[in-house]
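From first to last, the protein sequence lines are chains A and B. Counting in my numbering, the first sequence runs from 1 upward without gaps. Counting in my numbering, the second sequence runs from 1001 upward without gaps.
If you are wondering where the hints come from, they were derived from the structure by calculation, not from laboratory data.
Think about it this way: if two alpha-carbon atoms lie no more than 30 Å apart in a straight line, the pair counts; the simulated DSSO-like pairs of lysine-lysine are:
1. 1036(B) x 37(A)
2. 1272(B) x 1036(B)
3. 46(A) x 1047(B)
4. 1127(B) x 1100(B)
5. 123(A) x 105(A)
6. 45(A) x 1047(B)
7. 38(A) x 1050(B)
8. 1009(B) x 214(A)
9. 1128(B) x 172(A)
10. 181(A) x 100(A)
11. 1279(B) x 181(A)
12. 172(A) x 1279(B)
13. 180(A) x 63(A)
14. 1026(B) x 37(A)
15. 1178(B) x 1272(B)
16. 1131(B) x 1272(B)
17. 1029(B) x 37(A)
18. 105(A) x 157(A)
19. 1147(B) x 100(A)
20. 74(A) x 181(A)
21. 1047(B) x 1036(B)
22. 1036(B) x 214(A)
23. 172(A) x 1272(B)
24. 1036(B) x 1026(B)
25. 1279(B) x 173(A)
26. 173(A) x 1272(B)
27. 214(A) x 1047(B)
28. 74(A) x 105(A)
29. 181(A) x 1147(B)
If the Cβ cut is set under 10 Å, some of the chain A residues that face chain B in the computed set are:
30. 24
31. 124
32. 166
33. 204
34. 212
35. 229
No experiment lies behind these values; they were computed from the predicted model shown. C-beta: ideal position from N, C-alpha, C; glycine also.
Next come the chains, spelled out residue by residue.
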Amino acid sequence: GAYDEVDDDFYEELEEALILSDLGMETTVRIVESLRKKAREQRLKKPEEVRELLVEEIAGILKTSEPGIIEAGKMNVILVIGVNGVGKTTSIGKIAAQLKSEGNKVLLAAADTFRAAAIDQLKVWAQRADVDIIYHQEGADPGAVVFDAAAAARSRKADVLICDTAGRLHNKKNLMEELKKMNRILDREFPDAHREVLLVLDATTGQNALQQAKLFAEAAPITGIVLTKLDGTAKGGVVIGIAGELKIPVKYIGVGEGIEDLQPFRAEEFAAALFE
Amino acid sequence: MAFESLSDKLQNVFKKLRGKGVLTEKDLKEALREVKMALLEADVNFKVVKDFIARIQERAVGQEVLSSLTPGQQVIKIVHEEMIALMGSEEDSRIRYSDKPPTVIMLVGLQGAGKTTMAAKLAGMLKKQGKKPMLVACDVYRPAAVKQLQIVGEQVGVPVFEMGTDVSPVDIAKAGIKQAAKMECGLVILDTAGRLHIDEELMQELTDIREQTSPSEILLVVDAMTGQDAVNVSKSFDELLNITGVVLTKLDGDTRGGAALSIRAVTGKPIKFAGVGEKLADVEAFHPDRMASRVLGM
Ligand SMILES: Nc1nc2c(ncn2[C@@H]2O[C@H](COP(=O)(O)OP(=O)(O)OP(=O)(O)O)[C@@H](O)[C@H]2O)c(=O)[nH]1
Ligand SMILES: Nc1nc2c(ncn2[C@@H]2O[C@H](COP(=O)(O)OP(=O)(O)OP(=O)(O)O)[C@@H](O)[C@H]2O)c(=O)[nH]1
Ligand SMILES: [K+]
Ligand SMILES: [Mg+2]
Ligand SMILES: [Mg+2]
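So that you can see chain B by itself, here it is in the shape it has in the complex (with noise of 0.2 Å):
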């Protein structure tokens, strides 16, 4: 990695500042530019990196970090913390089930970020739980996704409902609704197509088919190497669709992954599953402290 890591970064200004004797709230503020430039670099939103140091700030100023021996580690605590109680708890990865099966899980979101194949990752993992999921296929248009879905659906081992790509989305959501509570699949997740947040007919789509379907969870599924847009895209999903988490995608890469500070600041949502692969079974519940460590490049 290129980067120094941020701990020695703080270490050294604290070493420098040091010298001089008695710290000063100015030092603390140096030392919290370079937390600033981590977070930036990282790809947290701009004006969430401004929130979130003046947070600290004042953290800081009040634990007196000044007086401390050890002031690097104490503001890398502090840092550490307040990025955990961002990003959520543990058990936030919960599936939340309706008391009227099937219950419906829905996934939305940009373009290429993962959609398809975490349904078809979902639907794998909570088959091994002992459910009995079906997935749908809602995306009538991208080119195959159709046929994406069947594939990774068998490779899983849990049937797809389609109706080909001529019928509108919302009533293949209902129509496979329906199919499932036919086939006594408890659990129904829809694949829906990639769009933009600001493309007003496709996301009144999403609309039309959370209103005909009332999903217990509707997933955001974020690419985690999404830089400064995450702040508008999950703010026009959530603020459209009250989402109910988010999913993180292709955290098996090297990107530091500051959208996720963006998106818990943005949509105060939880992030519930990683994706850290391309292969089915490479889904995880999401981390919310290994995911500060890895942010903060520590």
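Just chain A, same shape as in the assembly (with noise of 0.2 Å):
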């Protein structure tokens, strides 16, 4: 660090790296005061050591539950949501590899008949990943997708049944609508499977992501968070306002285009990755 004293230059350092980490203001305002509460009861007096708090703090804000998101021995149903672009289809295809390549038979749901070309998208990485693929027409009833894809999964005796969705604004009533109508056929059609629904977040996406989170939380109760394109500059850091306030854990992260780039979220690499 360019300061040998923790002093207000050195907090404002701080906050303007956090800032310009995409933490928003008011989360950036409440971890640094906390940060110099305990910095003053610690009486921490090396920047190297406010720094590592201040990670810690973070860390601990973002502490995930248990890595994973299926249940071994039992149907697990992934309902994947976003907004549009934000690498939905692509982590799909990077989650079903993952999770075939574990062992499960894994089953995916073209469920995005609106976006051109989605459908071709997905074959393709259902190709890629080498597991099934249920799907429509362009321009078919979504909710019918996942109806028909349910009944598959279960014929087939499927260990993981993976619904791509069409990307969608949150402000968006109807289409928040359709998603919810989706999420209800699924807890209907399994009632006793392990469910799990991802919200796809782009870290270059600033404040909005949690507008995005709010609203998408409200039409399906969502379990994990996939934060896609870190392999770029942006940090991503407004996940750490979702998780302190929304309690939703990050499970993966992106990090790019190829069917291997996605790996498990920790805590401590990204919370440090934001100061380097």
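Build the complex: two chains, separate frames, hints provided.
This is the structure in structure tokens:
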């Protein structure tokens, strides 16, 4: 660090780093205030020590639930949701490949029937991951796709069903209703399955991601976040506010466009990377 | 919206201060702190905000906001004016045409920003204006990208040139332009693959396409929800390609869209168009004044 003293300039520098990482004003101020207090209490004198404490603090907010998204020996159903272009379909391809390599029988449902060539895109990923896919025509009812995929998952004795959905902005009431309906179908079809609802967030997104998380959570109970595009220069710090406020853990990070470019989320590494 | 509006906040700050009698420069600073917060919450880049506030401060003091009867309104007016000045003028949304047709428009940007959709939107819009556009599929990487462009091209009734995914994007672009000349299409829109600004190999590919096709317009397509990173992204693309303009997408969401301000501050290039929906008719000329109000949450 450029500072050998823990003074106001030092804290301002930290604040700047956090804001530039998209933590947002509110979260940044809250975290830095709490940090000042703790540093005083613990009589920390070295910038290094305070920075370490900050990383710990942030990692604490992000502390993940159990890693992994499936339960062995159970039917697992994963619904993947999020706004347009964040990386839902790509992440599904990566997750499918990973679960398949762990010995699971995976089935994909192409319930994005709206986006041009979304079905073809998921088909390519199904092929790459070497898993089955259920799809209808472009323009078909996504609920019907989910319904069919549920039946297929049962009859083929799949371990995991992953449903792709069309990207939608959270402020579009009718599209959010459509999502609720898909989730209800899964509830009804799989009362005993292990359920996950993954919200995909793009790390380049600013404070709007908080709003995304809030409103998507109203449509379906989000169990985890996939934070994509962390291979760029964006830090994705908005998930800290989301974890703090909504208690939604980050499960995976996306670090590229390849099938291998998915990693489990590690809170300490993520927090440390904010200051790199 | 969870935010108290900036006007209300400023009104309150000044009301409090007014009780004390004469306003000082320090009081103004407090008011500008509220402006700063609002801009940061709207995702305007930290450094851009700092410079911006310094400029407002200077102007506000000069214009004697301090002795005004409605200092809150005064400050907002100055902020608003400065934002529009930064955001550019309305005429900037015209396309530059080449003297030697076909005119080439190249769309570039990060993954998932909305390039392919915007390519079709622009094609449809310019077709309505009497042009004869052709779309060229230069994304050979993303699964089903060619198919996607074919579908949206058909939806707007514009021919799509493609050579599959085994040919280099540079060669596809060149061949596309030749084909357009043959078909007497005066306008070629190149859809390129999404890429990170730090991906040297793929950024070089864009440089190559540019050198081989001399586009009249290189438009950087940016997601309006982008946060602090908008500065890094737009700077890199602009430095490498000397972009001619920006297109902001997904403005139909509820983001405040501070990225618009960051991009303008960093590149100085006009924001020409806005994507306001998933449908191919959902494209508009960019309105700096509306955007200024939106970023300020007013
Ligand atoms: N660099 C990078 N690109 C990614 C990552 N994940 C996805 N992408 C790219 O982002 C773009 C959008 O990804 P998609 O999977 O189509 O996103 P989506 O959310 O399904 O999009 P819609 O269905 O249109 O809403 C594609 O070009 C992907 O290759 C990532 O982790 N890093
Ligand atoms: N709501 C909304 N969605 C949009 C807008 N523009 C594009 N989209 C959606 O955003 C997603 C990504 O759009 P694309 O056009 O595929 O983006 P791209 O930049 O070509 O993506 P890559 O080729 O993967 O880099 C799709 O789901 C589009 O329907 C817009 O203005 N509003
Ligand atoms: K995006
Ligand atoms: Mg998709
Ligand atoms: Mg594209």
